[in-house]
Amino acid sequence: PESFGKKFRTDIDPLVARAKAEGFDNIDAFLDKQFGYPSMERLVNWRLYNNTGGGLMAELGSHQLDAASIFLNKVQPIACFGYGGKNYYGVKGIGTADQQSDDRDVDDHVYMTFEFPGPHYAADKNDVCIVTYSSINTNSFSGDPYGETVFGSRATLVMKQETEAMLYREGVGSSTTSADQRLYVLNGNDGQPAISASASLGPSKQSAVADIGKVSRGYTEEMEHFAHCIRTNNFGTIAEDGLRCPGEQGMKDAIMALSSNIAMKSKKRIVFKPEWFDPDNDAAPETDKELTG
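Each residue of the sequence shown is one higher than the last, beginning at 155 in my numbering.
Source of the hints: derived by calculation from the structure; they are not laboratory data. Keep in mind that a hint or two might mislead.
Okay, derived cross-link-like pairs now, BS3-like style, lysine-lysine, Cα gap no bigger than 30 Å in a straight line [what the hints assert, rightly or not]:
(1) LYS279 - LYS422
(2) LYS160 - LYS187
(3) LYS246 - LYS443
(4) LYS279 - LYS246
(5) LYS419 - LYS240
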């Protein structure tokens, strides 16, 4: 595949040539006048500043919240609260000199908790499903870019990207021995187990392997289909082979992500309002007087 350095030069060389053609000797001055970016660094790292990016919750958390919403039958959240901060970049005495002088706006650590309604929430307000999300810039213990873990009363499901799934059964009765913590292997689209089961923990292969069919390629597959919809001018429902992620779903994910930023900044519990999710209503969390004052 093409290296980042080569691709960057391919993209930047025409921009430098244009700046020179318009009488600019300094590319930063050209970018500032033409596009409002004070420097090339600000253009390249646009995600790190509040006026051009939404931080970790918008860039990363929105995708995982979308996945959580799917697990919970696409219900709208009740409320959210959490913490976000610059705990590493721009902190005196931590990291290298460049890291200490980093002037990014966005938080480098975020921890959010969401309350979603359970199937009987209307009759019983205790029927609440809790979703937690965290993004930590300074630790990669899991070794995976992203994933979800679902803690259930009968098992725990661990999803790694869109390619692997592990299912751990809960212990039987009062037993907490490892023999009851069985690992079930889920098959990938190549017919092979997505992970290797430990013989000391898992049941027999015949009872352990479950077929989950073809493994999705995630957002790559979704974007390919989005391009297909544009090419064929088909913006109907999924049943009509239309958009798999319509604008209403994107709006919902954005509302959850941006409300998270407000909750972290204000250090308050944010209750989601139904009108925020109405595409025909101009109401939005960032313009809500109760939140912004």
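Against the structure, the hints:
1. LYS279 - LYS422: Judged against 30 Å, a Cα distance of about 21 Å means the pair holds.
2. LYS160 - LYS187: 26 Å, holds
3. LYS246 - LYS443: Violated. LYS246 to LYS443 sits at ~36 Å, over the 30 Å cutoff.
4. LYS279 - LYS246: 45 Å, violated
5. LYS419 - LYS240: 12 Å, holds
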